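Student: Here is what each chain is made of, one letter per residue.
Number of protein chains: 2
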Amino acid sequence: MRNDRILLSHGSGGKLSYQLVQNIFVKAFQNEYLLPLNDQAIFNLPASRIAFTTDSYVIHPIFFPGGDIGKLSVCGTINDLAVGGADPLFLSASFIIEEGLLVEELKAVVDSMSLTANNAGVKIITGDTKVVERGKGDKLFINTCGIGIIHNNVNLSPSFIRPGDVIIVSGSVGDHGIAILAHRSDIRMEAPIESDCAALHRLVKDVISQSNGIRAMRDPTRGGLATTLNELAISSNLGMLINELNIPLKEEVKGACEILGFDPLYLANEGKLIAIVSEDSAKTVLETMKKNPLGRNASIIGTVIREPQGKVFLETSVGNKRILDMLSGEQLPRIC
Amino acid sequence: MRNDRILLSHGSGGKLSYQLVQNIFVKAFQNEYLLPLNDQAIFNLPASRIAFTTDSYVIHPIFFPGGDIGKLSVCGTINDLAVGGADPLFLSASFIIEEGLLVEELKAVVDSMSLTANNAGVKIITGDTKVVERGKGDKLFINTCGIGIIHNNVNLSPSFIRPGDVIIVSGSVGDHGIAILAHRSDIRMEAPIESDCAALHRLVKDVISQSNGIRAMRDPTRGGLATTLNELAISSNLGMLINELNIPLKEEVKGACEILGFDPLYLANEGKLIAIVSEDSAKTVLETMKKNPLGRNASIIGTVIREPQGKVFLETSVGNKRILDMLSGEQLPRIC
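Sequences listed follow chains A and B, in order.
Residue numbers 1 to 336, in my numbering, belong to the letters of the first sequence in order.
Residue numbers 1 to 336, in my numbering, belong to the letters of the second sequence in order.
Hint data in this document are derived by calculation from the structure and do not stem from the laboratory.
Only a predicted model underlies this, so the values are computations on that prediction, with no experimental measurement involved.
Watch out, some of these pointers could steer you wrong.
Which copy is meant is left open, so a pair is good if it fits within one copy or across any two.
[Stated by the list, open to error] No farther apart than 25 Å at their CA atoms in a straight line, the calculated lysine-lysine pairs in the DSS-like style are these:
(1) K283 <-> K27
(2) K290 <-> K27
(3) K27 <-> K321
(4) K311 <-> K15
(5) K205 <-> K291
(6) K15 <-> K205
(7) K321 <-> K15
(8) K107 <-> K254
(9) K321 <-> K250
(10) K291 <-> K107
(11) K311 <-> K291
(12) K123 <-> K254
(13) K27 <-> K15
(14) K205 <-> K311
(15) K27 <-> K250
(16) K123 <-> K205
When you get a sec, could you build the whole thing from the sequences and use the hints?
Tutor: Okay, here's the thing in structure tokens:
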């Protein structure tokens, strides 16, 4: 590339766009589906149930401890497919770049996407690039859409949740939120906290292959564990009772939350999942999770109750019971 | 909605996000795939060749004569599927909103998406919303991804293009570009020019059903007719000879281009397609196009030549021949 910064012309659809696509995107993502560079990628699928998802990533800053916007945009979309029980296959990648972004920063992000996708066994097969004027964006926004196949025996939905079901979380909560927050505010910690950003589809596959008692799964991103549990309670029209003492929480995250005044139950996670499972499969699911490095600290955190419908209760460490509501307001903008 | 402007909290994943999704998106797009509001939409497809495409829309301003960013985001993605010979089925919709956007503006855009999708017979089945701080975006960016099925007898690719093939454009060029430009600069015209923004999948279907001589199709958006022809010349490794006099051009677009110093061959179109067809099917394709209102002004504009490879020549109205290169630089940022 002749220019070291992205210019408006890189988004014109003309010569510089063509060079950008060839030199950055095609080079990093190279695969047979992308290569024709048509307006659409084409692939064959057998008759199947297909999962389709989209997410735009606007995280600030674009590089952070444990990841970057590129890794996040691949993992996040893989996870949205995985928690539906789908095998992720293909991703799209669409970039909205602010004029002036360093080409090497874009390259680093794109390389990170490529690495993450390769490790996850998914292909980025179609894309788009737009450039907006300085001050009309913020360095880089990325949208990824994902397509996956749901195998015949898999059927997950909050509507399958029943009273007595067990609620499992795959690991410690709040790591991503605190990592971003600490990085933004330049707080110095003894042990710097890294984002948990990771692709969860293999953990999901492990669990699904070992148990058919899984009712529903979700990844507690924006709004955190508390908000996601509320969504599940609303969708299933049941209640949930969570035991605070059983929620995995890293000491350093707990400490940072206390100092900074954040509640870890509302902080975003990018490499954790919540599974609601039948009582008799809880042990198997938990043990299976613990065998996978991404589920090592999995824990049973509560049970599904009949009433009150659509509400989540937290039994606190001091033995009180209080309603755990959805996030209201905004703790941390642009966390993902 | 209690608030008349979008707040950062609408992107938090918490209560306000939930209300925004329910009151604006679910209400407008309502369909059985979207309604479970899971992290992914699920649908069944028979064994098929699937087309998959993504585009982010950053057009400024978001409302313009003949359309708005919502209509554009649906038509543009439908068209990227259609020119691959695919029947568009499902779209995703992802919104990056700048804090402070009027809720009624968002609602107008979303309603326009819904109307356009309904008219086109496609469903918007999954979505995402992010909010960025004031000054870190520009009102509204939308990403749509599309999924379509390519039927068995359809096989389009620039690699099928042969010397002697005929180049057809489905109507007048430059309308979208001039409409946006005139609107931005507040130029007063006798007859205001409207964007040609339209979904082309039914025009494509008409043509495909009448002829099996279609080699490849493209919609000449950013970079215009000239850039798209260059891309086709490069992909097919052949040359093209275009006759300027045969390129449909509205008088008012021609006039505006002369006054403003723009070349209509480089201006974006959002409701036109280029078809490269075998010589013996040209007449059928042209006549079929002309029967559809969106192809009424279709015209044969040139032929494919063996050499020079990857180049496009323009026979001008005064009888000269010159190279018609890809767009270099940027005429009009944020045209789509």
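Student: All hints, please: hold or fail.
Tutor: Against the structure, the hints:
In the homo-oligomer, the alpha carbons of K283 and K27 never lie at most 25 Å apart, since the shortest distance is 45 Å inside one protomer and 41 Å across protomers. When the C-alpha separation of K290 and K27 is checked against a cutoff of 25 Å, the pair qualifies neither within a copy, at 37 Å, nor between copies, at 41 Å. In this assembly of identical chains, K27 and K321 lie within 25 Å of each other by CA distance neither inside one copy nor across copies; the values are 55 Å within and 36 Å between. In this assembly of identical chains, K311 and K15 lie within 25 Å of each other by CA distance solely across copies; the values are 14 Å between and 56 Å within a copy.
For the homomeric pair K205 and K291, the shortest alpha-carbon distance inside one copy (13 Å) is at most 25 Å, but the shortest distance between copies (52 Å) is not. In this assembly of identical chains, the alpha carbons of K15 and K205 never lie at most 25 Å apart, being 44 Å within a copy and 31 Å across copies at closest. For the identical chains of this complex, K321 and K15 are inter-copy neighbours only, at 22 Å across copies versus 63 Å inside a copy, given an alpha-carbon limit of 25 Å. In this homomeric assembly, K107 and K254 never come within 25 Å of each other (Cα to Cα): the closest approach is 35 Å inside a single copy and 40 Å across copies.
Proximity of K321 and K250 under a CA criterion of 25 Å is satisfied intra-copy only: 23 Å inside one chain copy versus 71 Å between copies. For the homomeric pair K291 and K107, neither the shortest alpha-carbon distance inside one copy (35 Å) nor that between copies (47 Å) is at most 25 Å. For the identical chains of this complex, K311 and K291 are neighbours neither inside a copy (32 Å) nor across copies (58 Å), given an alpha-carbon limit of 25 Å. In this assembly of identical chains, the alpha carbons of K123 and K254 never lie at most 25 Å apart, being 37 Å within a copy and 44 Å across copies at closest.
Within a single copy, K27 and K15 get their C-alpha atoms as close as 17 Å, which meets the 25 Å cut-off; across copies the closest is 42 Å, which misses it. In this assembly of identical chains, K205 and K311 lie within 25 Å of each other by CA distance neither inside one copy nor across copies; the values are 29 Å within and 50 Å between. In this homomeric assembly, K27 and K250 never come within 25 Å of each other (Cα to Cα): the closest approach is 39 Å inside a single copy and 41 Å across copies. Taking the closest pair of Cα atoms, K123 and K205 come within 25 Å of each other only inside a single copy of the chain (18 Å); across copies the shortest separation is 29 Å, beyond that limit.
The structure shown violates the earlier hints numbered 1, 2, 3, 6, 8, 10, 11, 12, 14, 15.
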